[in-house]
Amino acid sequence: MSLRLMSAELLKLRKRRGLVWWSLVLSVGIVSAVFAIIEILHLSSPARHEAAGGMDGYQGSIIGLSLAGSIAAILIGSAAGTADVSTGVFRDLVATGRSRWALFAARIPGSLAFFVPVITLGYIVIAACSVGLAGSEATPGVSLIVRGYGWILLATGFDLLLALGLSSLIGSRGTTIGVLIGYQFLGAPLLAQIALLGAARQALFPGAINRLAPIGVADQGAPRLVHSDVVAVVVILCWVAAALGAGAWRTATRDA
82 MSLRLMSAEL LKLRKRRGLV WWSLVLSVGI VSAVFAIIEI LHLSSPARHE
132 AAGGMDGYQG SIIGLSLAGS IAAILIGSAA GTADVSTGVF RDLVATGRSR
182 WALFAARIPG SLAFFVPVIT LGYIVIAACS VGLAGSEATP GVSLIVRGYG
232 WILLATGFDL LLALGLSSLI GSRGTTIGVL IGYQFLGAPL LAQIALLGAA
282 RQALFPGAIN RLAPIGVADQ GAPRLVHSDV VAVVVILCWV AAALGAGAWR
332 TATRDA
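Here the sequence shown stands for residues 82 to 337, where the numbers follow the working numbering.
Hints were generated in silico from the structure; no laboratory data involved. Any given hint could be a false lead.
Claimed, not checked - Derived CB-CB ranges, DEER-like: (1) Ser309 to Asp336: 13 to 23 Å; (2) Ala128 to Ser309: 22 to 32 Å; (3) Leu235 to Ala280: 17 to 27 Å; (4) Leu235 to His308: 34 to 44 Å; (5) Val223 to Ala276: 32 to 42 Å.
C-beta atoms are modelled at their ideal positions from N, C-alpha and C, and glycine is treated no differently.
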């Protein structure tokens with residue numbers, strides 16, 4: 082893997098104008114609009130509506146960003162995983178003699194370099210509004226803001242890597258988006274409610290990610306099914322390793 086390959090992967094994503102704008106809408110536009118609406122309501126009727134910022138605003142908005150940002154991450158990851166095949170350039174890249182493993186590996190830093198600034202901008206909006214629009218409400222401390230940022234990167238970056246690996250495996254962007262969004266927002270919550278599964282529910286990655294959320298943020302998320310940080314980390318690493326391993330294998334064995 083070379084810097085040129087990583088830069089090429091980043092350029093492929095940046096040239097997709099629709100992907101760029103939708104990523105910004107999901108990561109920045111939604112939280113900005115919510116803060117603006119709540120603040121307008123507060124200014125028009127302070128007695129009925131609380132300030133947009135403060136701890137309540139921070140906790141609610143970070144959960145919202147994790148959900149909307151995950152969708153953006155899935156869109157980006159699936160685009161990165163299928164770009165070469167869908168545009169027909171995979172054959173040309175293989176013909177140059179470059180390692181297929183290197184071609185796949187370059188997609189990881191390339192897609193992260195595209196996504197991290199986008200999700201970071203969305204989180205900056207949350208942090209700024211939570212403090213600046215708090216009024217008389219308590220505000221989140223620096224420690225919570227830093228830990229919340231790390232958790233947002235973990236939660237959304239995980240979805241990006243999962244989408245990247247799965248889309249590289251099956252070669253279909255639309256199918257990848259449908260499967261991951263359906264599982265994460267419908268399948269996993271339903272499975273988490275089946276008590277018969279017992280401890281096996283700890284293998285559901287939403288529960289593992291929720292376990293690592295900062296105190297005060299996780300209280301608004303799904304119930305914590307994973308009772309150990311170590312188990313949560315192992316579950317996350319296993320999912321990422323399985324997805325990226327399968328994607329790398331398919332890239333290395335795909336017919337050019």
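Hint by hint, here is what the structure shows:
1. For the pair serine 309 and aspartate 336, the beta carbons lie near 43 Å from each other, so the given range of 13 to 23 Å is not met.
2. In this structure the supplied range 22 to 32 Å is violated for alanine 128 paired with serine 309, their Cβ-Cβ distance being about 45 Å.
3. One distance hint, 17 to 27 Å for the beta-carbon pair leucine 235 and alanine 280, holds here, with the actual separation near 23 Å.
4. Range check, leucine 235 to histidine 308: Cβ separation about 18 Å, and the 34 to 44 Å hint is violated.
5. Remark: the range hint 32 to 42 Å for valine 223 to alanine 276 is upheld by a beta-carbon distance near 40 Å.
In this structure, the earlier hints numbered 1, 2 and 4 are contradicted, and the remaining ones agree with it.
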